[in-house]
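A.B. asks: Listed here are the chains, written in short residue letters.
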Amino acid sequence: MTFVIACPNCGPREALEFSFGGETTRRAGPEASEQELAGYLFFRDNVMGRQIEWWLHRDGCRKWFLAERNTMTNQIERTFWPHERGRTA
Amino acid sequence: MSARRLPEGPDEAILRDRPVTIEVDSKLIHCFEGDTVGSAMAVGGITITGRSFKYHRPRGLQCMTGNCPNCLVTVDGIPNVRACTEPVRGAMKVVRQNAWPSVGADIHGWLNFWSFMMPPGFYYKVFHRPRWAWHAVEPLIRSKAGLGFAPEEEDHRTRERISLHADVLVVGGGPAGLAAATEAASAGANVVLLEQRREAGGHLLGEPGGRVRAAGLVSAATDVGVKLLSGTAAFGVFDGPIVAGWNPDALYRIRARHVVFATGAIEQPAVFPDNDLPGIMLSSAVDLLVNRFRVLPGRKAVVLTASDGGYGTAESLQRAGASVRVVDLRGEVGPTPTMAGLAPVLGATILRAHGRRRVRAVEVGPPGASGGRKIPCDLVVLAGFAVPSTNLLSMTGAKVEFDDHAQAFLPVDLPPTVHAAGAVAGSRTTDGAITQGRLAGLEAAAAVGHGSAAASERVGLLRLQAAADGDPVVLPPETGLGKGKQFACLCMDVTNKELKFAVEEGFDSMELLKRYTTITMGPCQGKGCMLASQRLCGKATGHTLAETRPTTARPPWTPVELGTLAGERRSPRKETTMHDVHVDAGAEFMWAADWRRPHHYSTPGREVEAVRQRVGLIDVSTLGKFRVKGPQASDLLERLYPNRFGDMKIGRVRYGAMLNDEGVILDDGTVCRLTEDEFFVTVTTGNTAALERWMTWWLADWGLDLRVLNVTAAYAAVNLGGPDSRKVMEKLTDADVSKEAVPYMGCVPMDVAGVPSLVLRIGFVGELSYEIHFPSMYGEHVWDATMEAGEEFGIEPFGLEAQRILRLEKQHVLVGQDTDAESDPYEAGLGWMVKLDKPDFLGKRALIDLEAAGPAERLVGWTADPSIVPPEGSSVVHEGVWVGRVTSARRSATTGKTVGLAWVPAGWAQEGTHFDIQFGTVTIHATVALKPFYDPEGTRLRS
Ligand code: FES
Ligand SMILES: [Zn+2]
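Protein chains in written order, with this note's numbering: chain A, 11 to 99; chain B, 37 to 979.
No wet-lab data here; the hints were simulated from the structure. Treat the hints loosely; a few may be bogus.
Claimed, not checked - When the alpha-carbon atoms are kept at most 27 Å apart in a straight line, the in silico BS3-like pairs for lysine-lysine are as follows: (1) B:K685 <-> B:K575; (2) B:K536 <-> B:K521; (3) B:K933 <-> B:K967; (4) A:K73 <-> B:K685; (5) B:K610 <-> A:K73; (6) B:K410 <-> B:K435.
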């Protein structure tokens with residue numbers, strides 16, 4: 011993992027400075043069915059191509075943000091704050 | 037001075053006024069600064085530089101450029117150093133390898149005659165039956181195999197890891213690379229140039245007049261700001277692309293926006309019987325020895341060539357006083373002045389070599405002839421059969437395609453940020469390489485935003501000139517004739533015959549041959565054998581060279597010291613601000629995550645007793661501490677914990693455990709409400725970073741209006757515990773510390789020893805106790821003041837071990853020790869904190885099911901006879917079957933028993949259930965005790 015990620019707070023940095031939080035998921039709330047719970051806990055889309063995922067700028071500003079990454083090329087298409095999700099995701 | 041040393045020459049790189057003496061296998065060699073161990077060996081007349089890997093055949097200098105396996109020696113205890121490129125230092129001790137008792141008289145030379153026993157993959161085939169045979173011979177084979185010996189002493193050299201970012205990275209500091217770097221830097225780009233040798237200049241360094249020219253190119257580059265890293269080899273290209281480079285001091289990760297590969301070409305040996313004899317060299321070696329180091333490697337030379345390049349080497353030798361015969365594969369050559377004097381044998385090749393410990397003669401005749409003219413000689417030069425060094429380029433994803441003119445695979449389809457220039461791209465003249473280099477440099481600079489109209493005009497011009505140059509390449513025949521081993525791969529001692537057999541056995545492609553015969557897998561990584569292997573494979577399978585692609589290129593392309601890859605181990609070591617006081621008090625320390633914490637001061641038993649009877653003090657600064665502040669602070673905690681916090685009063689403390697959405701316990705700690713919208717949260721020492729990530733992650737997802745601040749390092753903390761602790765507190769503060777003012781599970785800000793502090797009444801150790809948090813800079817002061825105030829009450833400092841006994845006597849669970857990645861609060865006995873009637877919290881959905889199903893296992897306390905303490909991890913067994921495990925066990929002096937916690941079948945969670953604990957061959961009887969072993973009603977900690 012040797013690509014560059016643009017932290018929305020700090021700018022472009024080596025991926026080594028970041029921690030991966032996995033693809034975004036839909037959390038199973040208290041009303042969720044057993045199936046939905048299992049899906050949320052144990053299953054991932056694992057797409058080949060672009061996916062939105064969580065990243066933490068661990069060795070920098072320690073902020074969590076979202077990144078759209080191409081899982082085949084490690085190309086980061088964009089990064090954005092969670093509150094910008096509605097507009098852009 | 038040795039008779040082999042030539043008089044001063046214009047291109048020499050040795051300092052004759054600085055003599056150096058080195059020792060090679062106890063032979064002293066007098067040489068000069070600027071020599072390498074290899075050139076010094078040549079000066080000292082040492083022709084056998086080592087013994088071969090499998091057959092222990094004598095081998096000598098072949099390439100002088102660090103590309104072959106022949107000169108690996110042990111230098112001052114470090115094995116596998118390449119003699120030919122290792123500069124001499126005074127008092128250096130060099131030992132030649134892979135021979136016993138000595139390289140000169142290696143008794144394992146007999147292996148050479150038993151080689152029919154060792155076909156490729158012989159260890160897969162021979163010694164299979166009877167079964168014991170392999171076990172009998174394995175140690176012998178292993179002792180014979182391998183190169184050098186790992187040094188016994190610890191390696192104390194420090195190696196850094198350096199990350200570099202550049203606009204343009206140029207790999208290779210020959211003429212093409214230097215030209216590329218210079219152009220790119222002149223255009224304004226920030227340029228890094230990696231050169232594997234200590235001096236940049238590439239093949240120029242061996243050519244007459246080349247050193248001056250190289251120096252000019254180097255200063256042109258450094259003048260315009262090129263960062264030249266010489267002696268630093270690129271060994272791999274990774275995703276990014278990131279180029280990895282190394283030298284003995286550092287490992288480099290270089291990320292550049294554009295990379296120019298000017299990695300040159302590597303000269304190849306020819307294959308004929310006994311082609312590995314010492315004295316058979318590549319022209320690069322001879323050029324360097326004669327011109328750079330001024331040593332004459334032989335007096336009677338035969339030069340095999342198929343290009344005009346070989347004549348340059350021949351001429352150098354002649355000028356140095358050797359007699360030279362040139363054998364030219366080409367049927368006719370254009371008349372040039374040089375050739376006239378050398379009277380080449382045209383249309384011929386070397387059919388075989390003769391000699392035992394070094395070459396004595398060669399047979400020369402037309403390719404394919406059954407015999408030829410024997411020419412006596414002590415030096416054979418193989419000149420001008422070079423293969424473009426495309427390996428690093430291939431790691432970028434570039435493809436290679438066969439080029440007829442070059443008789444080689446050349447790079448095509450380069451990724452958009454990758455360029456190739458010079459010999460690696462098919463250029464075969466210095467001027468051609470420089471032109472290609474310039475072009476690549478300008479293009480790369482323009483691509484990173486340093487272009488100009490003038491530059492693009494020059495690009496157009498250079499493109500026209502940069503087409504491949506040089507005469508068509510002629511390769512020597514794939515093999516020679518007659519008996520005698522014809523080596524394709526010197527590293528692994530693989531001959532043409534062995535390759536042929538392997539193909540007959542069905543390993544009929546390069547990738548299969550590689551894995552089966554280990555060709556190209558030795559120290560040279562294919563640098564000197566890929567071409568020969570491809571050609572022999574092609575020949576055996578009826579394919580052309582063009583159809584026989586090289587094997588996949590993988591890092592490391594050049595050998596890298598393991599120490600460099602390991603780098604410096606920087607493991608964090610944290611000390612609290614009271615550390616020195618603990619040292620002075622004679623504490624024994626232990627690791628607790630990254631922290632150094634006192635394990636005990638006197639004895640754990642005595643410390644436990646002090647806390648139970650009087651008063652004790654422990655440094656708990658390592659606790660993870662967070663301030664959670666903002667209008668929605670209680671909302672965050674309500675969602676992060678199964679506990680309820682919304683209704684919590686200011687000044688109260690609550691114990692809570694965080695769960696994940698599987699319902700698994702992540703951590704536990706305390707939560708204090710400081711104000712309406714501020715909480716102080718503590719978590720387990722080792723979990724702090726992970727918990728910070730966890731809390732801020734959910735905060736980011738939920739977008740609540742508050743801040744979470746990790747204040748672990750900002751606050752120090754001590755726990756003052758024991759029946760007399762209130763008396764000590766009274767001396768330390770003017771504030772009211774009575775039961776009413778600071779009740780159990782209350783928290784009050786107050787000055788302690790004059791330091792503004794937050795005091796929590798919690799009871800991890802099971803006694804009246806005060807956990808005091810305060811700015812960490814006052815660590816020593818508060819500790820000292822407390823110890824002083826407690827002196828009259830017999831206060832004792834206590835360490836982690838005493839604390840563990842104290843907490844175990846209270847059956848307080850240690851998350852991570854007593855729980856694991858599957859433990860939920862119900863089975864861990866923490867079900868009381870779960871408020872399923874809250875609208876939502878992490879883990880709620882899973883807990884609904886878990887509660888309904890009921891636990892299958894339970895974490896319970898148990899007691900046993902005090903004579904024995906089972907180790908943690910011991911098995912809980914039922915009728916000989918494993919049904920659970922012990923997670924904690926200690927001898928409790930307070931209760932006079934061995935006490936512990938264990939996971940047992942849920943049905944056993946009844947007061948008084950008897951069960952067995954087993955470890956090794958020992959079985960002990962234990963009894964379930966659901967209440968704390970000590971002060972079950974908790975009156976002491978509430979007092
Ligand atoms: S002679 Fe040193 S590596 Fe070839
Ligand atoms: Zn950042």
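A.B. asks: Regarding the pair K536 (chain B) and K521 (chain B), is the alpha-carbon distance no greater than 27 Å?
C.D. replies: Measuring from Cα to Cα gives roughly 13 Å; hence the hint holds.
A.B. asks: Is it true that the CA of K410 (chain B) sits at most 27 Å from the CA of K435 (chain B)?
C.D. replies: Given pair K410 (chain B), K435 (chain B) is violated - Cα atoms ~43 Å apart, limit 27 Å.
A.B. asks: Next pair to validate is K685 (chain B) with K575 (chain B); report whether the Cα-Cα distance is within 27 Å.
C.D. replies: Outside the cut-off at roughly 88 Å; violated.
A.B. asks: Are the Cα positions of K73 (chain A) and K685 (chain B) separated by 27 Å at most?
C.D. replies: violated (31 Å)
A.B. asks: Holds or violated: K933 (chain B) and K967 (chain B), Cα atoms, limit 27 Å.
C.D. replies: holds (15 Å)
A.B. asks: Within 27 Å, alpha carbon to alpha carbon, are K610 (chain B) and K73 (chain A)?
C.D. replies: holds (24 Å)
Violated hints, in rising order: 1, 4, 6; the structure is consistent with all others.
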